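Which chain is which? The protein sequence lines are A and B, in order. The first sequence begins at 593 in my numbering and counts up by one. The second sequence begins at 4 in my numbering and counts up by one.
Simulated from the structure, these hints should not be mistaken for laboratory data. Treat each hint with caution, since some may be false.
[What the hints assert, rightly or not] In silico DSBU-like links for lysine-lysine, alpha-carbon gap of 35 Å or less: (1) K601(A) with K71(B); (2) K71(B) with K59(B); (3) K39(B) with K606(A); (4) K649(A) with K606(A); (5) K606(A) with K59(B).
Being a predicted model, the structure only gives us computed values, none of them experimental.
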Amino acid sequence: NAGVTQTPKFQVLKTGQSMTLQCAQDMNHNSMYWYRQDPGMGLRLIYYSASEGTTDKGEVPNGYNVSRLNKREFSLRLESAAPSQTSVYFCASSEVVVSYEQYFGPGTRLTVT
Amino acid sequence: GEDVEQSLFLSVREGDSSVINCTYTDSSSTYLYWYKQEPGAGLQLLTYIFSNMDMKQDQRLTVLLNKKDKHLSLRIADTQTGDSAIYFCAESPSSGGSQGNLIFGKGTKLSVKP
């Protein structure tokens, strides 16, 4: 049981380049989330998917798109990277049945120059 | 809107107790959580408390909830150097269509000195 996996672990982009961050979970969870973590800012929700086939904006969605490919996978795309998107990105999943607890992946450290 | 506040830093000596405090705004939050983040890693759920409880104990961890003051605390007994990490408080707000979303505080960095 791998839990939540994310690829890549590290990435450096130039301004204007695009990339997709991948996330997969093997816990059969319905809900998946993308957060960014910046120093002194805590975690901020970018997008979430309450179930397969649905996605919704979180607190900071601008500059990002997401795809819920199937129940296991939830990807985050940066179409035209900007230095302000330099951050650590975390994917999480949960089964919204009882306690809403979320399980996190190890993160992707992204630097945009 | 919903907000979760925590102090940013706490420093204790090994063997002492640590108390990390948190205040939240949504009085109808169903669950409140404590997550731990070690350097270079993702967040790991430590414990959670249901809103109709005042206290929950789990080995060295004690969670206290004061619903009237919207105050949550995490006490770590006999703090060890391995407890050095960032601790996040989070609430599950009841509003709108964001069921399952959590609101996180900015995190408290706990430093344990030998």
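Hint check:
For the hint pairing K601(A) with K71(B), the CA-to-CA distance comes to about 42 Å; that exceeds 35 Å, so the pair is violated. Between K71(B) and K59(B), the direct Cα distance comes to roughly 17 Å. Compliance with the 35 Å bound is thereby established for this hinted pair. With a CA separation close to 32 Å, the supplied pair K39(B) and K606(A) stays within the 35 Å bound. With a C-alpha separation of about 25 Å, the suggested pair K649(A) and K606(A) falls inside the 35 Å cut-off, and the hint holds.
For the suggested pair K606(A) and K59(B), the alpha carbons sit about 48 Å apart, so the restraint of at most 35 Å is broken.
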